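Peer 1: Each chain, written out:
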Amino acid sequence: MRSNTVGWLMLAPTIAILGIFGILPFIYVLYVAFHQWNPFGASPDMIYNGANNFRRLVFDAEFLSSIAVTMKFAFFAVASEVALGYLLAQLFMKEFPGRGFFRTIHTLPLIVAPIVVGSVWRLMTTPSIGIIPHLLKSWFGYDLNIGRDPTTAFALTVVMDIWHWTPLVTLTLLAALLALPKEPFEQAQIDGANRWQIFWHITLPMIRPAILATVFIRLMDALRTVDEVWMLTSGGPGAATRYVGLHIWKVVFPKTDYGYGAAISVIVLYLTLVMCWILYVALVARRERKRTF
Amino acid sequence: MPSRNPLIYVALWVLLSLLTLFPIYWLFVISVKPAVDLFTTPSLFLDTIYWKNYVNVIGNATLRGYMLNSIIISSCNALLVTTLAFLACYALSRYDLPGKENIFFWTITNRMAPAAVFLLPFFLLFTQVFTFGDWKLYDTKIGMILLYCTFNLPFAIWTLRPTIDGIPKELDEAATVDGASTWQVISEVIFPLARPGLAVTLILTWVFAWNEFLLAATLTSFNARTITTGLSEYVTTTGTEWGAMASIAVITLIPALIIFSVVQRHIVAGLTFGAVKE
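These protein sequences, in sequence, are chains A and B. For the first sequence, numbering that gives the first Met the number 0 gives the first residue as 0, with consecutive numbering after it. For the second sequence, numbering that gives the first Met the number 0 gives the first residue as 0, with consecutive numbering after it.
Bear in mind the hints are in silico, worked out from the structure with no lab data behind them. None of these values were measured; they are calculated from a predicted model. It is possible that some hints are incorrect.
[As the list claims (entries may be wrong)] Here are the computed lysine-lysine pairs in the DSS-like style, where the Cα-Cα straight-line distance is at most 30 Å:
#, chain 1, residue 1, chain 2, residue 2
1, A, K136, A, K93
2, B, K168, B, K99
3, A, K254, A, K136
4, B, K32, A, K136
5, A, K71, A, K249
6, A, K181, B, K32
Turn these sequences into a full structure, and let the hints guide you.
Peer 2: Below you can see the structure in the form of structure tokens.
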């Protein structure tokens, strides 16, 4: 076995950078979370108030409902993106003319900045001046109004997220599919396995780590979405699309309630971490068990 | 597998591309309309094209500077992150380091933080901690390149790890037996096989750095300001200059497209493992 020193040296830059820019700010936020601090309020000093911020957020109905809608949003968006992204990645594995061209077109949404995506979708969907309500009305007689109907607004943020981020899933899964060895597939075909059996017994187990990594990344990003939804709905109507990122934004910026904002951030970070850890342990442990026979 | 007529796939992709392109087409429509026309009954096609927004944007030296900053920051960040992640993943995959799975999971926690509150400690770090005499990390390209590692490094490590893990260890061992050094194993055995994964990682980290907005808006003022942030200056609470915003957004697609088409060529199946083993 080669010496571990080389391995640690390869990891060192990563640990150093993430340690400085990841852990230090976290310690600071944790410190602020135990204080009452409103730098632009009547008393600008930090006042230690123990766990009061945390006690407050347990009873904060707005915060709790924002957690609930964020989970719902993340679930619908990520599930659709992974399913759709996998199908599209499989489609890109086929041989057909213009494949590179279509792949470039498919990845275009990724290079549009979130703030622009939100703005354009807003302009496309605003009642009476947006093209989508206009077309739906004249073609199907359907009245789309995101300013009035919470369900429509919620669905639209999900659709926007799918439009924007499915290409990411397609690309990562495409890379995983391209790296698969060909022998098991050829062997399975010789053995007369059907398409579904090949997918379930060969493709899926082999690209499971890649799917898992993609789900994690998308889940985390969906849970902290701010810019796009802010531009599209500003969290409305009511609190229908007030996702937790937007909620923190509203606590920190208009109200400048830093102590409370920090407490919410710590809790959100904690919840995300626990959720991902459970998923990770459940799925990875299952994979390890399977490997034994 | 039963092979179908490839034209079916072409037809399917044409349809999908129309859906994908529609919001981008609409971005273009917004960019070539005078502001007053935006708030009338919309029509799907343009009858006149109004280029004034583009003339204004291209003639604006500040925005050209922002664009250059964006290109430098995203490209350096993507290259740095992909290289570091490649090494880190190799170490995580091939060495028996104690606690490595915890380190692996810890890296991703850096991407979970909700941005709003973390802007403040970053601001303090950049203006008060990392200062040497008059020099501050604030508003420097190197500062942004390093800072963007916080969300891009975890991403790169998590997307590359399955690729590196998927490369059979026997290949390393065979090369080592033949007298290859660790560096030769990485550059001549692992690198070619990980190429599609590396290309995808490079593209996506580049995209994340290119589109980042909150951190750049808080931690830069002019010298390192990025185009995404410059563009957001046209989006305010009192009203958005739609034409200017949209035309900048359309122009920013061009460098991104060039980089995409260069890197995308590497998203092809590497050598099959069977062929290597022989």
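Peer 1: Hints first: check each against the structure and report whether it holds.
Peer 2: Structure-based check of all given hints:
1. A/K136 / A/K93: 38 Å, violated
2. B/K168 / B/K99: 18 Å, holds
3. A/K254 / A/K136: Violated - the C-alpha atoms of A/K136 and A/K254 are around 40 Å apart, more than 30 Å.
4. B/K32 / A/K136: 23 Å, holds
5. A/K71 / A/K249: The hint holds at about 20 Å.
6. A/K181 / B/K32: 52 Å, violated
When each numbered hint is compared with the structure, violations occur for hints 1, 3 and 6.
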